[in-house]
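Protein chains: 4
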Amino acid sequence: MPRGTVGPTPPVVHRPRRQRRPDERPFELLDAALRVFAARGYRNTRLEEVAAEAGVTKGAVYHYFSDKEELLLRALEQHQERALGRLNDVLRGRSGPASERLRLVLRRAFGGEDPARRDVLTLLQGIAHEAPGVYRRWLANGPVKGWRLVASLIAEGVAAGEFRSNADAEVAARVVITGLLGQIIYQQYADTVPALRIGNDRLIDSTLEFLLAALRPVEALPRRQPRTPGHRKQGGGS
Amino acid sequence: MPRGTVGPTPPVVHRPRRQRRPDERPFELLDAALRVFAARGYRNTRLEEVAAEAGVTKGAVYHYFSDKEELLLRALEQHQERALGRLNDVLRGRSGPASERLRLVLRRAFGGEDPARRDVLTLLQGIAHEAPGVYRRWLANGPVKGWRLVASLIAEGVAAGEFRSNADAEVAARVVITGLLGQIIYQQYADTVPALRIGNDRLIDSTLEFLLAALRPVEALPRRQPRTPGHRKQGGGS
Amino acid sequence: MPRGTVGPTPPVVHRPRRQRRPDERPFELLDAALRVFAARGYRNTRLEEVAAEAGVTKGAVYHYFSDKEELLLRALEQHQERALGRLNDVLRGRSGPASERLRLVLRRAFGGEDPARRDVLTLLQGIAHEAPGVYRRWLANGPVKGWRLVASLIAEGVAAGEFRSNADAEVAARVVITGLLGQIIYQQYADTVPALRIGNDRLIDSTLEFLLAALRPVEALPRRQPRTPGHRKQGGGS
Amino acid sequence: MPRGTVGPTPPVVHRPRRQRRPDERPFELLDAALRVFAARGYRNTRLEEVAAEAGVTKGAVYHYFSDKEELLLRALEQHQERALGRLNDVLRGRSGPASERLRLVLRRAFGGEDPARRDVLTLLQGIAHEAPGVYRRWLANGPVKGWRLVASLIAEGVAAGEFRSNADAEVAARVVITGLLGQIIYQQYADTVPALRIGNDRLIDSTLEFLLAALRPVEALPRRQPRTPGHRKQGGGS
DNA sequence: GATGAATGAGACTTCATTCAT
DNA sequence: TATGAATGAAGTCTCATTCAT
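Protein chains in written order, with our numbering: chain B, 1 to 238; chain W, 1001 to 1238; chain D, 2001 to 2238; chain F, 3001 to 3238.
Where hints are given, some of them may not hold.
Claimed, not checked - Calculated pairs, DMTMM-like style, for lysine to aspartate or glutamate (alpha carbon to alpha carbon, straight line, at most 20 Å): (1) B/K145 - W/D1191; (2) W/K1145 - B/D191; (3) F/K3145 - F/E3077.
As the list claims (entries may be wrong) - Part of the chain F face toward chain D, derived, beta carbon under 8 Å: (4) N3044; (5) A3140; (6) A3172; (7) L3181; (8) G3182.
Since the hints were derived computationally from the structure, they do not count as laboratory data. Fair warning: this is a prediction, and the values are worked out from it, not measured in the lab. Glycine residues also receive a C-beta, built at the ideal position from the N, C-alpha and C atoms.
Sequences are here, hints too, so could you generate the full structure?
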């Protein structure tokens, strides 16, 4: 499989081109890079394609970035910063029930079918071997922060009596975050593997329903003995 | 890891010349290929490394496989067949409660920290752009089948009155399967990003606990109104 | 252009296969080789294809021939011997007018549209760089002998007063032989370059007519002074 | 032969680094390519040799040409354009007798022993299987145009009463053009196969003499009955 | 800053040839 | 004799990176 794999002619969206504002150049390049990388994968993308997408030539890229990997790193950093910013905004000043804030967070993070976000996630899952440092960085700042946030919201719900206290909130948070990420990535192949398709709203809402159901406090949650209670964070309640 | 060692750059060792083992060769090659691909990634692996790992020279690879991609495809097919075989075995003739069979399945599929399996999963998530066909195939035969199995076990539990009937079993199954896969992949980076680390037993047990908790039948399921009940599979219970 | 150039699936004619008469093996191989070489060209043909065409495997070829080039050499030798044999037969015991024997010769050598012969000629013209020794050998035993024969027939006609004596018989013979060879080769491309097509009968008959017209004795051949009479073989007449 | 030397195996000489001559480069490459291809054959030539002959490295070739075949195609196109240009020039404004213009044309096209031209012809006859498209193109623009031109000059001579009208001018033109091409190619082997040698002047002059003799009008061209008169262009006059 | 020509290390793939069986 | 697994030299093409202009 020689060059691109997404399609014979790259589905990359071409932007206006050549608006000479030198101070914005690096940002334009980062946007272009993320677009092309996400569309074709890191290895399949030639620097020349990124340059063309940004309306400059190959050499110019090297004025701003030392090499291809730095371009990737910075492009993803910029992307992640924006995403985190948006995510933080949504909780600023909120104080409703934990369940409501969970909903807000999941919606903000995963709601709205966004092919660009999906492609970036696919890009990321592909760089584990190509640019492990970048991948790790993303793990630490993306998924990890994501499930920490979820876990802390669960903890707040537990504190408020909204949720039962004997669930493994961290694992729940991990699985939910990771599962949603994966499902979103898979949607890219829903055309050719229809069994993969699932509506974004259903995905999020049902996941949330399922999370809240798992966390709902029980007067009597009798039978289910935690099998290996040792690794629960909070010791099992009565 | 029997023969080679998948070192950083395996020096081509001159073997004593031609050792004929024509019948086993293809399998040895497939095993070697999976090992090296999983360790370094598809693109980062030179055919010569695979050959060396199998104790032959690169030309021999082309005796059995038409090109690098076919080698990947076949190596993954063989891997998947074995894995599916093991998974099917575990349920053969079982008839306990659904919850018990769910436990068996998850344990069989994800239990036991197995670096080889983890690396294969990492390999797979990296080929979305390099060999999309192979990737899609894996999706269809791996994760999709996985969550279908889980969903069907849930359905059995529902039928048996063991689980509530108004949960979105499919989404639950998807998220759980995908989430576990992702978490397992992430463990590869647990050394350098400690926040990623989670014990395999805890991961599985807590996930199961959380799944069963979410599915437990409720006398009164009071507050939580399903927000968009339209996409529930079974209309609201009682 | 990777492998074959004649067509995606080789137009090689498959013969009966595996008639175990070991003493004929080499001849079968030579026939098969000529067939495949002629169909695809020398370089484009893998020894394995030749072997398959002959119903044996690669290794067997090396029992009879030291390498690919010898196979080519011998295959062409065998072909040429047969062709020369046929050509010699046609003149054996003939004693009519030279013009009639010229006709017989040209008919025998070039008559009857024969794709196999045409392909062999194309093969030959392609090996000038691949196997120059073989090519030279063919030149010396094929075209050179051909035009010598024609020149000697012309000389006989001159001696018999049938032809004029002041023509450059050798050049005429060379050009006619070479020209016919070339035209026959070109017919291979008549499908895609229609301007190349010419009927085999017309080609031969008109060439002969034209040759005889050029050689006819003239009462007065007045104006045309041989421009550079120095290189005529026989000094200019009258 | 300006730059390189087309030796048996040109050692890659390290040049003083990058000499920019962007405008001329493609032409230099084309010239170098034609030189090396003609000297060694298409298949026997490594792209690296062409590059070295042009004073660059192999990568540079891919800057201008997509692959080896395109390089061949373009090199031959350039060669043919030039040759056609020269040929057209020679007839511009000429109006002498047809015989004189035939002489001019043959001289222009085939006169002057030119090893480079001879090698290009040898190259061409070798690519029938390697690059059939290129070969066909050459046939259509070279030989075919050549014999059309000759045939049209003959037709003019016929119209002017200079030549007889009942000859098959097209076949005559085909055989003469093709025969001369072949003879020129063969001269390459005149050293090792002396029987092949023929002086260029003699070849052309005698061929012309022979052509004109065949075409000279006859008061009585009695005996020779065209065997298959059906394919004569103009029906034979009495 | 920007260009784009040029470099050159790499990697895939082909296939004539060898040789243990 | 015959097989066909294995070798390994060779060649095409790619593309990140450099650097003269």
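These are the hints, each one checked on the structure:
1. B/K145 - W/D1191: holds, 17 Å
2. W/K1145 - B/D191: Since the Cα atoms of W/K1145 and B/D191 sit roughly 17 Å apart, the hinted pair holds (cutoff 20 Å).
3. F/K3145 - F/E3077: Holds: F/K3145 and F/E3077 sit about 15 Å apart, inside 20 Å.
4. N3044: For F/N3044, the interface hint holds, since the closest Cβ of chain D sits about 6 Å away, which is under 8 Å.
5. A3140: holds, 5 Å
6. A3172: holds, 5 Å
7. L3181: Holds, about 7 Å.
8. G3182: Given a least distance of 3 Å, the restraint on F/G3182 holds.
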